[in-house]
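Asker: Here is how the chains run, residue by residue.
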Amino acid sequence: MKPKIELRDVHKSFGAKHVLRGVNLSVQKSESMVIIGGSGTGKSITIKSILGLVRPDKGEVWVDDIRADKARGKQRDALLNKFGMLFQGGALFDSLKVWENVAFRMRRRMSANDARDMAIEKLRRVGLGPDNADLFPAELSGGMQKRVGLARAIADDPEIIFFDEPTTGLDPIMSDVINDLIREVVVEMGATALTITHDMTSVRKIADKVAMLHNGVIQWTGPVGDLDTCGDPYIDQFIHGRAEGPIEALR
Amino acid sequence: MLSLCRATGALVLFAAQAILHIFTPPYYGREILRQMLRIGYFSLPVVGLTALFTGAVLALQIYIGGSRFNAEGVVASIVAIGIVRELGPVLGGLMVAGRVSASIAAELGTMRVTEQIDALTTLSTNPFKYLVAPRILAGVLTMPILVAVADTIGIMGGFLVGVNRLNFNASTYIANTVDFLQAGDIISGLIKAAVFGFIITLLGCYHGYNSGRGAQGVGTATTNAVVSASVLILAANYILTEMFFSA
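Heads up: the sequence lines are chains F and C, in that order.
Anchor point for the first sequence: position 21 equals 21 in the numbering used here, and the numbering is continuous, going up by one each time.
Anchor point for the second sequence: position 238 equals 238 in the numbering used here, and the numbering is continuous, going up by one each time.
By construction, these hints were calculated from the structure, which means they are not laboratory data.
Be careful, since some hints might not be right.
Quick partial rundown of chain F residues pointing at chain C, CB under 8 Å, derived from the structure [unchecked claim]:
(1) LEU53
(2) GLY73
(3) ASP77
(4) LEU80
(5) ALA91
(6) LEU96
(7) PHE104
(8) PHE136
Cross-link-like lysine to aspartate or glutamate pairs, in silico, DMTMM-like; alpha carbons within 20 Å at most [what the hints assert, rightly or not]:
(9) LYS129(C) <-> GLU31(C)
(10) LYS129(C) <-> GLU100(F)
(11) LYS129(C) <-> GLU6(F)
(12) LYS97(F) <-> GLU31(C)
(13) LYS129(C) <-> ASP94(F)
Derived contacts from chain F toward chain C, CB cut-off under 7 Å, selection only [stated by the list, open to error]:
(14) PHE83
(15) MET85
(16) PHE87
(17) GLY89
(18) PHE93
(19) ARG105
(20) MET106
(21) ASN132
In this text, all values refer to a predicted model and were calculated from it rather than measured experimentally.
Ideal Cβ placement from N, Cα and C applies to all residues, glycine included.
Input sequences plus hints: build the corresponding full structure.
Answerer: Okay, here's the thing in C-alpha cells:
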C-alpha cells in the first residue's frame, strides 16, 4: 500500500552541524507513528521538513502523490490544507481570543458567528467549556493552552495531524488527559498522526508504530508492541533511560 | 563589508516580497485597520506633544536669531515652512520609529520564537500576507495623516508662543503662516511621511521576522529595528529633500 507520508534519504545541515543524515520513513494512512529520540536529534526538523518549514538539502518528501519538498503556490496551499499541528508550546496567537485561534482557518469560508459556534464545539471536544472561548491565551494554564492547541489542530478535520512534544511541561495527570484526547481524536477522525516525543508513557498510549531517530537516521522502526522485545540496543537504552549504552550521554 | 552587502541584499529581497504581497490577494482588511489604529491613533499623543514643543521652541529660536538682523517678522512663515517641510515628518518619523518599529520587531520576534509564525504556515496562511503586508500598508497610509496632524499642532505651538510670549498680533501671525506656505511644502512633507512610514514598518517587520532565538534574540531585533529605522529615515530625508528642492 502506498504510504500517506514518505521520506526518502532526507538530509539537512545547519552550517557544520549535520542534523539529518539520510532519514527514510513511511507512515501509512490512518496510522499513528511516533518518532522517539533524544533532545537535538532532529525530530522537530523531520516534521518541519514534511511541512516545508525547513527545506531539506537532499532527499525527497512525499505526501500522497505530491512531492512536498518541491510544492509551491496553489499546490503547497492544497497540501497544507491536509495538515493540522499541535506545537510544543501551543503557539497560540496572543492577540486573538481562544475561539478565534481555534477557528483561524475556518474564518475564511464562514461567517464569524458560524466559526465561533464551530470553535466552541471543537473546544468542547477537548474538554473545554464555552466560557473559555472569549479568553485570551495568556489567561489560560499550560494544560488548557495545549487543549486549545489541540482543538485548533483538529478544527478543520485534517487528514494528517502532527504532535510536537504534546505532553512536555505538563503534570502526569494532564499528560494522560492529553494522550487520551490525542488517541481519541485520531481514532475518531481516522487521521494519519505523526508525533514526536521522548515521553515513553505517551509513546505506549498514542503509537501504532514507533521510529527511533538517532545520529540523523532512523535506527529502528516497528510496531509499538515490539518495543520491549526488539533487542535493538538503541531502543533498549532509550526506553529504560540508561546512561550506559550506544547512545552517548553528555556528562 | 561582506556582511553589510548580505544584510542589504536580504533587506531588499524582504522589501520586494512584502510589496508583492501588498498587491496580491488575499487581503486581511481587519488586520490593516488594526495596524492603522496602532500605528496612527496610538502614536498621536507622543507625536503631537513632540510637534507642539518643537513649534514652540522654533518660534523662540527664530525670534531670537532674527532679532540680530531685524527679521523678527519672519517667525510665522519660517515656523510653518520648517515644521511642514522638515521637522514634522522627520521628528514625527523618529518618534514613531522608536514606538512602532520597536513594538513590531518585539511582537514578530516573539511570534518567531514561540513558533506562532510556523503555526500560521501550518494553518495555510502566508505570514508575509498576514503579518508583514498589513503593517507596511498601514504605515504608508497612516504616517502622512499623522504628520499632517503633527504639522498643524506644531504650527499651533509656534502660534501660542508667538502670540502669548512674543506679542505678535494673532491675525497677522496666521496670515503670515498661510501666505508663505505653498502646496509643494505640504505635499513634499506628506510624501516624506509615507516613505518614513514604509521604512519604520519594513525594518520593524524585517528584524522581528528574522529574530534570533530567546529573549536576547528578540531584544537585539528590537534594538536593531529602532537604530536602523532612525538612521534610514535621516538618510532618506536627505535624498528626498535633494529630489524635491534641488532645482
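Asker: Evaluate each hint against the coordinates.
Answerer: Each hint tested on the structure:
{"no.": "1", "hint": "LEU53", "verdict": "holds, 5 Å"}
{"no.": "2", "hint": "GLY73", "verdict": "violated, 11 Å"}
{"no.": "3", "hint": "ASP77", "verdict": "holds, 6 Å"}
{"no.": "4", "hint": "LEU80", "verdict": "holds, 4 Å"}
{"no.": "5", "hint": "ALA91", "verdict": "holds, 4 Å"}
{"no.": "6", "hint": "LEU96", "verdict": "violated, 10 Å"}
{"no.": "7", "hint": "PHE104", "verdict": "holds, 5 Å"}
{"no.": "8", "hint": "PHE136", "verdict": "violated, 14 Å"}
{"no.": "9", "hint": "LYS129(C) <-> GLU31(C)", "verdict": "holds, 10 Å"}
{"no.": "10", "hint": "LYS129(C) <-> GLU100(F)", "verdict": "holds, 18 Å"}
{"no.": "11", "hint": "LYS129(C) <-> GLU6(F)", "verdict": "violated, 30 Å"}
{"no.": "12", "hint": "LYS97(F) <-> GLU31(C)", "verdict": "holds, 14 Å"}
{"no.": "13", "hint": "LYS129(C) <-> ASP94(F)", "verdict": "holds, 18 Å"}
{"no.": "14", "hint": "PHE83", "verdict": "holds, 6 Å"}
{"no.": "15", "hint": "MET85", "verdict": "holds, 4 Å"}
{"no.": "16", "hint": "PHE87", "verdict": "holds, 5 Å"}
{"no.": "17", "hint": "GLY89", "verdict": "holds, 6 Å"}
{"no.": "18", "hint": "PHE93", "verdict": "holds, 6 Å"}
{"no.": "19", "hint": "ARG105", "verdict": "holds, 5 Å"}
{"no.": "20", "hint": "MET106", "verdict": "violated, 10 Å"}
{"no.": "21", "hint": "ASN132", "verdict": "violated, 19 Å"}
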